[in-house]
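Student: Based on these hints, arrange chain R on the given structure of chain V.
Same order as they appear, the protein sequences are chains V and R.
Using numbering that gives the first Met the number 0, the first residue of the first sequence is number 0, and each one after it goes up by one.
Using numbering that gives the first Met the number 0, the first residue of the second sequence is number 0, and each one after it goes up by one.
Derived by calculation from the structure, the hints in this document are not laboratory data.
Everything numeric in this text was worked out from a predicted model, so none of it was measured.
A hint or two may mislead.
Intra- or inter-copy, both count: the list cannot distinguish identical chains.
Straight-line distance between alpha carbons at most 25 angstroms, and here's what the computed SDA-like set of lysine to any residue pairs gives [said to hold, decoys possible]: (1) Lys77 to His375; (2) Lys509 to Thr484; (3) Lys509 to Lys694; (4) Lys872 to Pro433; (5) Lys180 to Asp228; (6) Lys548 to Asp371; (7) Lys11 to Gly354; (8) Lys657 to Gly245; (9) Lys839 to Glu755; (10) Lys652 to Gly420.
Listed below are the residues making up each chain.
2 protein chains.
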Amino acid sequence: MKYVYAFSEGNKDMRDLLGGKGANLAEMTSLGLPVPSGFTVTTEACLNYYHNNGTLSDDIIREIFEKIEELEKITNKKLGGLDNPLLVSVRSGARISMPGMMDTILNLGINDKVVESIANLTNNRRFAYDCYRRFIQMYADVVMELPKSSFEYLFEDIKKSKNIKLDTDLTDLDLLEVIKKYKEEYIRLTNTPFPEDPKVQLIEAVKAVFRSWNNDRAITYRHLNNIPDEWGTAVNVQMMVYGNMGDTSGTGVAFTRNPATGENKLFGEYLINAQGEDVVAGIRTPQDISTLKNIIPEAFEKFVNISKILEKHYKDMQDMEFTIESGKLYILQTRNGKRTAKAALKIAVDLVNEGMISKEEAIMRVEASSLDQLLHPTFDSEDLKKKESEVISKGLAASPGAATGHLYFSATDVSNAFNNGVKDIVLAREETSPEDIEGMNIARGILTVRGGMTSHAAVVARGMGTCCVSGCSDLVVDAVNKTLTTKDGKVFKEGDYISLDGSTGNVYGKEIKTVPATISGEFKTFMEYADAIAKLKVKCNADNPSDAKVGYDFGAKGIGLCRTEHMFFDQERIFNFRKMIIADTKEQREKALDNILPYQREDFKGLFRVMNGLDVTIRYLDPPLHEFLPKTDEEIKSLAKDLGVSFIDLKNKVESLKEFNPMMGHRGCRLAITYPEVAVMQTKAVIGAAIEVEKEGVVVKPEIMIPLVGDVSELKYVKNIVKEVADKLILDNNSNLKYKVGTMIELPRAALLADEIAEEAEFFSFGTNDLTQMTFGFSRDDASKFLDNYYDKKILTEDPFKTIDQNGVGKLVEVATILGKKTRSDIELGICGEHGGDSKSIEFFNKLGLDYVSCSPYRVPIARLAAAQASIKNR
Amino acid sequence: MKYVYAFSEGNKDMRDLLGGKGANLAEMTSLGLPVPSGFTVTTEACLNYYHNNGTLSDDIIREIFEKIEELEKITNKKLGGLDNPLLVSVRSGARISMPGMMDTILNLGINDKVVESIANLTNNRRFAYDCYRRFIQMYADVVMELPKSSFEYLFEDIKKSKNIKLDTDLTDLDLLEVIKKYKEEYIRLTNTPFPEDPKVQLIEAVKAVFRSWNNDRAITYRHLNNIPDEWGTAVNVQMMVYGNMGDTSGTGVAFTRNPATGENKLFGEYLINAQGEDVVAGIRTPQDISTLKNIIPEAFEKFVNISKILEKHYKDMQDMEFTIESGKLYILQTRNGKRTAKAALKIAVDLVNEGMISKEEAIMRVEASSLDQLLHPTFDSEDLKKKESEVISKGLAASPGAATGHLYFSATDVSNAFNNGVKDIVLAREETSPEDIEGMNIARGILTVRGGMTSHAAVVARGMGTCCVSGCSDLVVDAVNKTLTTKDGKVFKEGDYISLDGSTGNVYGKEIKTVPATISGEFKTFMEYADAIAKLKVKCNADNPSDAKVGYDFGAKGIGLCRTEHMFFDQERIFNFRKMIIADTKEQREKALDNILPYQREDFKGLFRVMNGLDVTIRYLDPPLHEFLPKTDEEIKSLAKDLGVSFIDLKNKVESLKEFNPMMGHRGCRLAITYPEVAVMQTKAVIGAAIEVEKEGVVVKPEIMIPLVGDVSELKYVKNIVKEVADKLILDNNSNLKYKVGTMIELPRAALLADEIAEEAEFFSFGTNDLTQMTFGFSRDDASKFLDNYYDKKILTEDPFKTIDQNGVGKLVEVATILGKKTRSDIELGICGEHGGDSKSIEFFNKLGLDYVSCSPYRVPIARLAAAQASIKNR
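In isolation and in its complexed conformation, chain V is listed as follows:
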């Protein structure tokens, strides 16, 4: 086992072993680009480190020092040497980029003697001391995990005592004093002197980076992004180059195209006389990359050229880091750039048009779930017009979308507010840091005072698809007193409404109405690519015409699930429905149902009109009846009065309907078996509506779906009722209406006996929510109590309610698919329930050969893209 690779030994396809950064540094090295030499300690070494309880094996240490020797030869410098000392950076680099989550140490190799040598060699004493004090600070933080604040406090103290504002105004002597104080502080906190031996520094730094794989924020990030904990990180050790050597030095980051819009134009920022950390941290506000042309023209030109080479080589938009050391350009990193979904679509379509990639490649370039960003509401243009004057600030349009919500000032407050039911939240921070990640994930929008387009807030928000406006430098955020003050002195307090436009950078001091997103332009083109490739159809779950319209506009090919019970909650209907529930006789029940019938028929007419020509799948009454009755004595009293029954009778009825395990109780088709009159009413409504709407010229394809069937005889019983009522209505109206009757497969028994059930069912819709509940024996309402513990202990790695459990629940879906087709080769097979909108699950369903998935209207485009990707992967 080889644990350490020189950059010249690797390539871009070795990302599992070398990490993304290491693999790309190797690739660029072999492309002959100006990459500072170095080597990568592999992810295998990281796993080995954890396996050995946090120690580096002798083999790994030996290999590291062999590579240091090679590096010394190449660079003609020597680690700890005084003639031409080698300083290195030590950076983490996982398979998948986890920006800012793990640790980095720069300027390693420096000590009391080396710093003097550097001072002499560079003839820049201030630069040398600055390097040294930065290194001590980083080493104390990252390796020794000492409190950052101790060192920051010392630093500010000296600045104050010298009456200095900017770091750059500190002299070499001032910095010498800083170094002295830092070392004293280091001894005070650790009881050991600061390590002077560069080899000790290096080994400890490598271990620290390995350790940082498991710091809290990295774990949270992985959990949010579904990155396996088992991967580990690689470590890149690389000769230092300096952007902070004066005015012909600098450092920056740039994208080959605009990561927010996708525009084909170099996009980035730089700082003169700075190290990389200054750009990322967002402490100084950087310059636009285009202005570099005028300042260090040769380096700029070279950089533009290299950026083109890289994009062509990787066939994708690149995110690059560079440093200019005394006029000489170095490329420190390249990777496929993170981008907004909007940019991703434009870039993908542009690259197809530029002939660089195929449509299939384009489809695979965009993560399906990222489309979510484009499907959120934007501001209602009329409401926006009214409130244009309410702009209180304008910052950078760091992550697109529109957000309206209540103002909160810390990640903790955001979490608490969310748990207390506040769903629309805007988080305002001076600047964000990795500790804020959970709150950022909850907030609808993020507002920062400091930091640019590549600041922490901007990068993370884009990754999450959350709207972000950064760098609103005219606002004052006071996190302690929880206020935000505008330049006009207007004060906003916690809970006040604020709105952000992530596409313009505008910040509004009011609530602004939002409207749903639409699909047009590159988005539309891209979705056309997807539909041409996908095999799975995508339908939507919709219970009313307006949801149906959203789904239709987002490209749904019908309604896969209409939950009819949602139609009962309207005031007039719930009254009659409750009358039905408490009725003692069939006649009373029928009378109450007769009152609901006209309403339900109207609802169905609306759905049929929207879905003209497409399937509309209607599930019959499903939930247990007690869900429709009030719970508290107060409410029961009031209802008793309305219904004209005694409190005690109604209370008894409510009690008698209570169940120990309602999920496995009197619900689904069991209701229609006990009360066939409900199925009669629902059939009258569906078929009646269809016949009426047909007369308007609408093409109606009703599919009647019987829920919670566990045995074919249940389906047969209810189907007989449906057929009798429907066929009579059709005959009486001289109609030619065709309709289907099918069932949900949501009980393990139904899956196991799908061959028998298919004798009666013209279609199956897999209710994978319930199927997951029954197969695992997990009550969805209760399982979260212990499932977190399961994730912590790695007993489960994924939430089976989010992504289908292929081994268990998936096996039942597979069995039912095979059995169903055996009986009825043309049986229609689909998924309704949340897995229908999950990319990974869609890939699985595609492999099984299902006909469609149905998901919430807002997830339809995601599902369409996932279906196309599944189709490509399955080729």
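Tutor: Frame of chain V; chain R shown alone:
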């Protein structure tokens, strides 16, 4: 399709077509026994009748009259003829005897003219008129479904007006008056005259018998005895013979052996000058069969001879009906006799010893569930001695066993009391009738004032295995005022305690303690046959040493399920267990568990000692924690005080533990994953107990069973805890103890992934209760609300919690068996849960090749027999 068979055309193997009675009449006819000639209308005709909405097809009617013509030729009599008129009986006869459940019509063919001819021919006017009035009465009841009471009232009226007590004292003229009144009543109630045409009488009678297949009591009987509704009944039409023609005539029923004890001695009763209905109805108390020898010796001798022929022919104890007409013996029916379980065992063992049947045949002769009768408690002999003076009556020992319970006087009152929680009930009736069947099924014992050993009460009670004392003629039962009065004038009221000894006929006016049954004598011999044949082992479910002892004494080969949580309910333990539940820290929990440990260890020691040398399978904590906490505020307050915590804190804790669907909530191994310290404590208790008891010389085989596993990683996690604790204890004690760790398969997912789970599990125990819940999505606590409706509508035919659903749940058991063996060929496979004691389910488990079933201690002998039968059937 032939619908009607002469007796000479059938044989005993045609019982599906001809019914049991018809097949045996045919068989006896071909044996040359004196059977009155006749024919059988088949069960196919019955199905045809129902299929044609209650009409007899022309074919069937034609065939019936063809057979009437044949019968007329054989008997030289003519239906409706005046020279030598043919009268017939019309009786039901299903595949399986359903005594008293369906209808019978005697003397059919009589009318105003025929009756005179019979009077002349027999020279017995009184006899002829008696036949006629009986026929009118039965026809009105059975065919026209007129109220019995109307005719009974008229009859009593005339008796009163003539000042007559006994029916037999009515003169021919009195009877002529009865007939006249009956015919008037018939017209009054039906608006039509009584049908004089014998052909009309016959066809209507056949239809009425077919109809009686679906009367309420027949349906109830079938449901109780698992007889399919689809079978239908045959109808037997047979020349009448008369037991009521004077003092050399009579009728009786007899068994070739004693049906209560199995003693090899003719056993039966007869009445002189009576028709069969008089015996069965229990209105006159009949004579012992042995006395017939002195009264009509030739007929008796012939009958003894025939009874021997029949027993040898059928190789089983026979239940025969006979009639003697003017000294001539006729056999009207034979069938394998119903018997008590005790008799069944003795007869089976005796027949083996007599060389008549093999051990395998003996095993197949006894219905496994019937052993239940022998496993009920008998009176505690000491308590019985004390209460010997409390005998208030002595009746016939009609059905063995001992019963103590509260007195009730109607089937309805029994049902209501039972539903209100009264479990120990004795039903007292003047005499029982088929309408009482539901109440009889619930009662622990049945007491009647009238009726003999073959009365309705006696026959039904023996069938049900319920203790019965019949014919207590010195008691007065007043069903209206709900009192029972002894000959000494002592009055018992509803709810008072009473005890019955079904083996002696004693009735006690006190509660008497009962003791468990034991296995000895023929029972023991029989069970030895069974064990030699059975492949499946039988273990028992036992949570404490005394239950374990019962199981062991009943032949259990170990404990298949010890539910450890039952050990927590003792006062001291529940206190500490509750402390554990409400603890905030692991340390607090461990402290509380430490207090429970010694108790639990002692329990296990007790179990190990009882099961010396046999497996003891211990399931770790399974139920959700809220089951251990109080529910009402009052109880919570009291507990809060005891625990020294605030009411509100405890209330919040109780609330926080509530679950929507606790069956699918935080329970089973999920508890051990959240609170590993519980598994640690339980392991210390199991292994600690095993090590201590081993030192006493006991052979200990602990099997630790982890419940509710759905994924191998859950099992792995808990198993690691178990192994760590156990192996350390074993090492520390220098013990060689071996133990197994396995799991329950009770979630569909576990069954589907049994191959993975078997990597960690040394045994599987199928928890088919939970598996049935999850596979069907039926909450056992709630499903009864709608399952009755399912049975009514024939959506389900069997309770899946009683008999395993082979198609669905059984498929999962099969899959898991195959997968489990694939991974671990020697994996031990068993069933715990109620299906483990159900014969039909055992047959299925045997077929799958499982190793054992485990059931409640009292069902162990039933399971042993069922296992042997399964083994024979599967050969």
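Student: Check Lys872 against Pro433 for me: Cα-Cα at most 25 angstroms, and say if that holds within a copy, between copies, both or neither.
Tutor: neither (34 angstroms within a copy, 70 angstroms between copies)
Student: Which holds for Lys657 with Gly245 at a C-alpha limit of 25 angstroms: within a copy, between copies, both or neither?
Tutor: neither (77 angstroms within a copy, 66 angstroms between copies)
Student: At most 25 angstroms between C-alpha atoms: does Lys652 with Gly420 qualify within a copy, between copies, both, or neither?
Tutor: Answer is between: at 21 angstroms across copies they meet the 25 angstroms cutoff, but 32 angstroms inside does not.
Student: Under a CA distance limit of 25 angstroms, which applies to Lys548 and Asp371: within one copy, between copies, both, or neither?
Tutor: So Lys548 and Asp371 pass the 25 angstroms test inside one copy only (18 angstroms; across, 65 angstroms).
Student: At most 25 angstroms between C-alpha atoms: does Lys509 with Lys694 qualify within a copy, between copies, both, or neither?
Tutor: neither (48 angstroms within a copy, 80 angstroms between copies)
Student: From the Cα coordinates, with 25 angstroms as the cut-off, is the pair Lys509 and Thr484 best called within, between, both, or neither?
Tutor: within (14 angstroms within a copy, 89 angstroms between copies)
Student: Since the copies are identical, ignore which copy is meant and state whether Lys11 and Gly354 lie within 25 angstroms (CA to CA) inside a copy, between copies, both or neither.
Tutor: within (22 angstroms within a copy, 88 angstroms between copies)
Student: When Cα atoms must be at most 25 angstroms apart, do Lys77 and His375 count as within-copy, between-copy, both, or neither?
Tutor: For Lys77 and His375, the Cα distance exceeds 25 angstroms both inside one copy (55 angstroms) and across copies (94 angstroms).
Student: Regarding Lys180 and Asp228, is the shortest C-alpha distance of 25 angstroms or less found within a copy, between copies, in both, or in neither?
Tutor: neither (39 angstroms within a copy, 96 angstroms between copies)
Student: Measure nothing new, just compare the shortest in-copy and cross-copy C-alpha distances for Lys839 and Glu755 to 25 angstroms and report within, between, both or neither.
Tutor: Cα proximity of Lys839 and Glu755: across copies only (23 angstroms, versus 30 angstroms in one copy).
Comparing the model with each earlier hint shows violations of hints 1, 3, 4, 5, 8; every other hint is respected.
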